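Once you've looked at the hints, dock chain G against the given chain X.
In the order they appear, the protein sequences are chains X and G.
Going by this note's numbering, the first sequence runs without a break in its numbering and finishes at 504.
Going by this note's numbering, the second sequence runs without a break in its numbering and finishes at 1168.
Errors might be hidden in some of the hints.
[What the hints assert, rightly or not] Taking lysine to any residue pairs in the SDA-like style, the calculated list, with each CA pair at most 25 Å apart, reads:
| no. | chain 1 | residue 1 | chain 2 | residue 2 |
| --- | --- | --- | --- | --- |
| 1 | X | Lys251 | X | Leu285 |
| 2 | G | Lys1147 | G | Leu1097 |
| 3 | G | Lys1035 | X | Pro191 |
| 4 | G | Lys1121 | X | Phe392 |
| 5 | G | Lys1147 | X | Gly344 |
| 6 | X | Lys251 | X | Leu102 |
| 7 | G | Lys1164 | G | Met1146 |
| 8 | G | Lys1147 | X | Leu402 |
| 9 | G | Lys1147 | X | Phe392 |
| 10 | G | Lys1083 | G | Lys1121 |
FYI, nobody ran anything at the bench for these hints, they're computed from the structure.
Remember, predicted model here, so these are calculated numbers, not experimental data.
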Amino acid sequence: MELLSHLMDGFAIAFQPFNLGMMALGCLLGLFIGAMPGLGSVNGVAILLPITFFVPPTAAIIFLAAIYYGSMYGGAISSIMLGIPGASTAVATTFDGRPMALQGKADYALVAAAVASFVGGTISIILFTLFAPPLADFALRFGPQETFALMVLAFATFVGLGGDDIPKTIFMILLGLVLSTVGLDVISGRPRLVFFDLQGFYKGISFIVLAIGIYGIGEMLWTLETSRGKVEIANHRFTYKRLMSALGDLKRAWGTMTFSSLLGYFVGVLPAAGATPAALMAYGLTKSFARDPEKFGKGDIRGVAAPEAANNAASTGSMLPMMTLGIPGSPTTAILLGGMVIWGLTPGPLLFIEQADFVWGLTASLYAANFVTVILNIALIPVFVWVLRMPFMILAPLIFVLCFVGGYAPDTRMFDPWLILLFGFVGYVMRKLDYPLAPLVLAIVLGPLAENSFRQTMIADLGDWTVFFTRPLSGIIMGLAILLFIAPFLKRFLSRGKTSTLET
Amino acid sequence: MRRAELTFAVILGAFSIYLMYMAQIPPLQIGWVPKKGPGSGAAPFWLSLGMLICAVWIFWRGWRGITPQGRSTEPFMDTYTFKVVSVTVGSIFAMLLATHFVGAYVAMLAFLMFYMGVFGKVPWPTTIWVSFAIPTGIFFLFESGMKILLPKGITEPLFIPLYKMFVY
Chain X
1 MELLSHLMDG
11 FAIAFQPFNL
21 GMMALGCLLG
31 LFIGAMPGLG
41 SVNGVAILLP
51 ITFFVPPTAA
61 IIFLAAIYYG
71 SMYGGAISSI
81 MLGIPGASTA
91 VATTFDGRPM
101 ALQGKADYAL
111 VAAAVASFVG
121 GTISIILFTL
131 FAPPLADFAL
141 RFGPQETFAL
151 MVLAFATFVG
161 LGGDDIPKTI
171 FMILLGLVLS
181 TVGLDVISGR
191 PRLVFFDLQG
201 FYKGISFIVL
211 AIGIYGIGEM
221 LWTLETSRGK
231 VEIANHRFTY
241 KRLMSALGDL
251 KRAWGTMTFS
261 SLLGYFVGVL
271 PAAGATPAAL
281 MAYGLTKSFA
291 RDPEKFGKGD
301 IRGVAAPEAA
311 NNAASTGSML
321 PMMTLGIPGS
331 PTTAILLGGM
341 VIWGLTPGPL
351 LFIEQADFVW
361 GLTASLYAAN
371 FVTVILNIAL
381 IPVFVWVLRM
391 PFMILAPLIF
401 VLCFVGGYAP
411 DTRMFDPWLI
421 LLFGFVGYVM
431 RKLDYPLAPL
441 VLAIVLGPLA
451 ENSFRQTMIA
461 DLGDWTVFFT
471 RPLSGIIMGL
481 AILLFIAPFL
491 KRFLSRGKTS
501 TLET
Chain G
1001 MRRAELTFAV
1011 ILGAFSIYLM
1021 YMAQIPPLQI
1031 GWVPKKGPGS
1041 GAAPFWLSLG
1051 MLICAVWIFW
1061 RGWRGITPQG
1071 RSTEPFMDTY
1081 TFKVVSVTVG
1091 SIFAMLLATH
1101 FVGAYVAMLA
1111 FLMFYMGVFG
1121 KVPWPTTIWV
1131 SFAIPTGIFF
1141 LFESGMKILL
1151 PKGITEPLFI
1161 PLYKMFVY
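Excised from the complex, chain X in its bound form:
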């Protein structure tokens, strides 16, 4: 009953005209951002975050969460119409969405994507509402030891589950942590790592500057290189009769959508996973369990429904650890988390007590955003298709200009746009050489919290580091983190063992 009462309060906040307006605007922008090749939720949230510093935190998070949400819907549009995923989360949608479009069934695929996204979103928000309060209650027992252990666990998941090159992943985590120490040390007040004695470094490196650099400039450079300006839009027809027929065609995919939503939600909760692996896993498992797997990849509606339900569910799932534990479940939620810190909020369990309006306003807005986005998505499909015809050579400079202004706005100093350009170029080179960028963003966001909790523990326990292992809760978390760290090595060792057994 208490849960329902909180949720009703949340709806009262979410339905305030200003918040409702921010949500609708966020959904609309998110749909466009998701639909644009090369732009995803992380780019959109990073570039538009500075705008939210001038509105109340609840409206700000509702706006950004709506962008996150909308972009999950929008990603399917370019996957289907252009054959280019709007974002990495929609890669799996291309496998069957594009063949459907080439068979003249683009509208069927788009409707399937929208409805599956709606189902995924709805199931995951219900799960979020049910799980978030008990997890937050549990997390209230955490001291600095547990907080530090949780940070280690978050980093370990990238090594154990991220699937990227291990030394490069660890390097990026460490680089993010070092960059987070630039500027004045909050404990001693001494300046650290002030490169070339430049005044700008005294204030530290903002995660926004890093995020806009690598996801704004760096990703655009990458897209300019890979797309080479050549995209071909699929023919489409869109009438009311065909819309109804497309909805009827979805009957076969209800089971797929439900299964993928549940899978996506739980994958999304894991810090290193997020929506992209969720969508790929949902596609792979749906195909494996299907009686007719040979139909996949040739335009099967279940191949569109599975990844779309999963990526939406994962986006909500990734908000669960962010809100309750202060650990982001994806790069986008890492940026949201950084935004919350700038808005003056402390992400974590206390948020549910001290900022109940914020938490429940956001939760209720997710329910509402789901309805708004599915309606906008289906209604505006012809508009998106028109926008997708915009040459990339117009879109790219607009994004560069937005990166410049968005980077300048928070602190109104030219130092930040220069850093953005530097991070953008280095980020592009790193991406080309297969250095994972998400751990870098996660580490710069979590760095200050990790260092402070570590130093608090060291001061309180007189330098006894074993306390991280002897306290029951932090011991369990640390044990899990170590397991995740060694998992890839263990896996490699076991597979080598198997190979040598087979050879003998």
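This is chain G only, laid out in the frame that chain X set:
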């Protein structure tokens, strides 16, 4: 690509050593400070040491051809990519530099005109329309709506009438 992988690992290793050097410059301390816990330089120093170890590891894996980049014989950048990246980075660099002198709006306008019209071969009517519309939209969103003033450089006097009309 192989040469890029190895060279970049060396650059990252050198950067890690530089960070370690920066983190131990007095008064920063990298060890235990009695009653104060770990010194201010401890976190950056030891984390940078970890970065150095990873850079050596990355170099070794690249050298042995364990990573795809370490085995690749493809060029790091073909002619097209080099042109796109250098023109894009160069023109953004020029926009930022120009902002210090002629202000953000003139710099943005010039950047958009060059990037779309000259480099992107977008038709000139569209280029001109978009190049004026975007800075105008940014002015109303940031300066009029959010009261964030962008740098104007020597063009500041031109904006005074606009401030009176739309900002204050």
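Query raised in the report: Would the pair Lys1035/G and Pro191/X pass a check requiring their Cα atoms to be no farther apart than 25 Å?
Result: 20 Å, holds
Query - Hint consistency between Lys1121/G and Phe392/X [alpha-carbon to alpha-carbon, up to 25 Å] - result: Holds. Lys1121/G to Phe392/X sits at ~11 Å (cutoff 25 Å).
Requested in this report: Decide if the proposed pair is consistent with the structure: Lys1083/G and Lys1121/G, CA atoms, cutoff 25 Å inclusive.
Outcome: 15 Å, holds
Query raised in the report: Holds or violated: are the alpha carbons of Lys1147/G and Leu1097/G at most 25 Å from each other?
Result: 24 Å, holds
Query raised in the report: Is the Cα-Cα distance between Lys1147/G and Gly344/X 25 Å or less?
Result: 21 Å, holds
Query - Proposed proximity, Leu285/X with Lys251/X (alpha carbon, max 25 Å) - result: 19 Å, holds
Query raised in the report: Is the straight-line distance between the alpha-carbon of Lys251/X and that of Leu102/X 25 Å or less?
Result: Cα-Cα ~22 Å, so holds.
Query raised in the report: Between Lys1147/G and Phe392/X, is the straight-line Cα distance small enough, at 25 Å or below?
Result: 31 Å, violated
Query raised in the report: Holds or violated: Lys1147/G with Leu402/X, Cα cutoff 25 Å?
Result: 17 Å, holds
**Report entry** Restraint status (C-alpha distance of Lys1164/G to Met1146/G at most 25 Å)
**Finding:** Holds, at roughly 15 Å.
Checked against the numbered hints listed earlier, the structure breaks hint 9 alone; every other hint is satisfied.
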